[in-house]
Structure formats: structure tokens, C-alpha cells
Amino acid sequence: MPEAPRILVLAAHPDLRHSRVNHRLLQAAASVGSQVQVRDLYALYPDFDIDVSAEQALLANADLIVWQHPLHWYSMPPLMKLWLDEVLAHGWAYGHDGHALRGKDLWLSVSTGGPASAYHPQGYNRYFFDAFVPPYEQTAALCGLRFLPPLVLHGAHAVSEADLQAHADVYQQRLASYPQWPEMAELGDCPECRVPDTDRPQEA
38 MPEAPRILVL AAHPDLRHSR VNHRLLQAAA SVGSQVQVRD LYALYPDFDI DVSAEQALLA
98 NADLIVWQHP LHWYSMPPLM KLWLDEVLAH GWAYGHDGHA LRGKDLWLSV STGGPASAYH
158 PQGYNRYFFD AFVPPYEQTA ALCGLRFLPP LVLHGAHAVS EADLQAHADV YQQRLASYPQ
218 WPEMAELGDC PECRVPDTDR PQEA
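The sequence shown begins at 38 in our numbering and counts up one residue at a time.
For the record, the hints were derived by calculation from the structure and aren't laboratory data. You may find that some hints are simply not true.
If you anchor each label on the Cβ, the simulated ranges turn out as follows [to be verified]: (1) D200 x Q74: 36 to 44 Å; (2) Q64 x P172: 25 to 33 Å; (3) Q210 x H127: 18 to 26 Å; (4) V170 x Q210: 19 to 27 Å; (5) S71 x P186: 23 to 31 Å; (6) R57 x H127: 31 to 39 Å; (7) D86 x V232: 23 to 31 Å; (8) S68 x D234: 40 to 48 Å; (9) V170 x A80: 39 to 47 Å; (10) P158 x N98: 24 to 32 Å.
Even for Gly, the Cβ is constructed at its ideal location relative to N, Cα and C.
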């Protein structure tokens, strides 16, 4: 019997105690089974002192990496950004000899405070939500990760209980069924992004 895929869920919410959506999603992820490891970054690193070696070891062992967080200023919360800066190091995750994550999958599970209508040229955020995704896609590409279509929940502050539970059920089902997702067959290979040595010298 083939070994179950290893899934690493990295959650970053600055105040999870008051998060209705992300708290429910973490419960859903934790209920999937032993193949899913859930890590609450703000609980693990309240002082922002990240154990880079430990994080890299977990990433190296995962098949699917999930970034779960609320959208903060059209990006990720500060601890997740620090995690990215320190853990996805040059020479390990990308650049010269940086191949540790190549061939793995990256999935973004994100919630927004504003409704879907706010992410529209006529809405107050002025752009469709897809306009805020390219930094995640390019981060994945630079590290040789395949970026999977994100799971987005809009209007987190006002979502009904029924809609929240339905979203959590989808999250749980997707984690449990990975990598048997219908759209997987349609996804191409991750683009290869080579960083010239002149841009990031090895000794840098």
C-alpha cells in the first residue's frame, strides 16, 4: 500500500483566539489524520525567534505545504513574512544549489475581511482578488514549488455559520483527498526560475 502524502499546514493568525474562520479551518485540518501536521506559527514563535533548521526539516519532509492565513494589507501577516524571509533561504530553497523544495506543492488557504464584491474594479479594493496572488505564485516558482489554485473565503467577518462550515468541509476534504484533485491533471509543470550567480553570488 503506498504511503500517504505528507502535508504540512502552516497557519499564521496574529490573534487566533478571536478568529472564527481560521480557528475552524485549523480544526478541520487537524481532523484529517496523521498525514497532516498543523503548526500555529504565532503559538510556536510568540517572540518571532524562528527555529529555521526545524522549519526546513519539516518542509523537506512534506509533499504538500499549505499556507493558511488571513489577508493582511493585501499580503501575509508579519510572522509568516518573517518565516518566509528566514526559512526559504538562498542556497537552500532557491538560487545556487537551492533545490530543497523542488517538486513539492504549495497551496494557499486565505480569508479576507471584505466581501467578494470589494475585490472588483468597481469595489473599494479596486482589483480582482487574482491581482494580489502573483507574489505567492512567483515565490513558489522561484523555489521550484507547484502553486495550486488557492482556496479563498471572502467576507470572513460576516460569513454565515452554514457557509463557514461548508468552507471548512471543503478544506478538510481537499486535504484528505490530496493529491487526487481533478484539476491536478490540468496543471503544468512549475516554471523553472534560475537565479544568475551574478544576481546573487554564492558567497552572499
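Okay, the hints, checked on the actual structure:
1. D200 x Q74: 36 to 44 Å: Since D200 and Q74 have Cβ atoms about 27 Å apart, the given range 36 to 44 Å is violated.
2. Q64 x P172: 25 to 33 Å: 28 Å, holds
3. Q210 x H127: 18 to 26 Å: 37 Å, violated
4. V170 x Q210: 19 to 27 Å: The hinted range 19 to 27 Å holds for V170 and Q210, with Cβ atoms some 22 Å apart.
5. S71 x P186: 23 to 31 Å: 26 Å, holds
6. R57 x H127: 31 to 39 Å: Since the Cβ atoms of R57 and H127 sit about 38 Å apart, the hinted range of 31 to 39 Å holds.
7. D86 x V232: 23 to 31 Å: The hint (23 to 31 Å, Cβ to Cβ) holds, given that D86 and V232 are roughly 28 Å apart.
8. S68 x D234: 40 to 48 Å: Cβ of S68 to Cβ of D234: about 46 Å, so the range 40 to 48 Å holds.
9. V170 x A80: 39 to 47 Å: This hint is violated: roughly 27 Å between Cβ atoms.
10. P158 x N98: 24 to 32 Å: Between P158 and N98, where Cβ atoms are some 43 Å apart, the hint is violated.
Checked against the numbered hints given earlier, this structure breaks hints 1, 3, 9 and 10; the rest are met.
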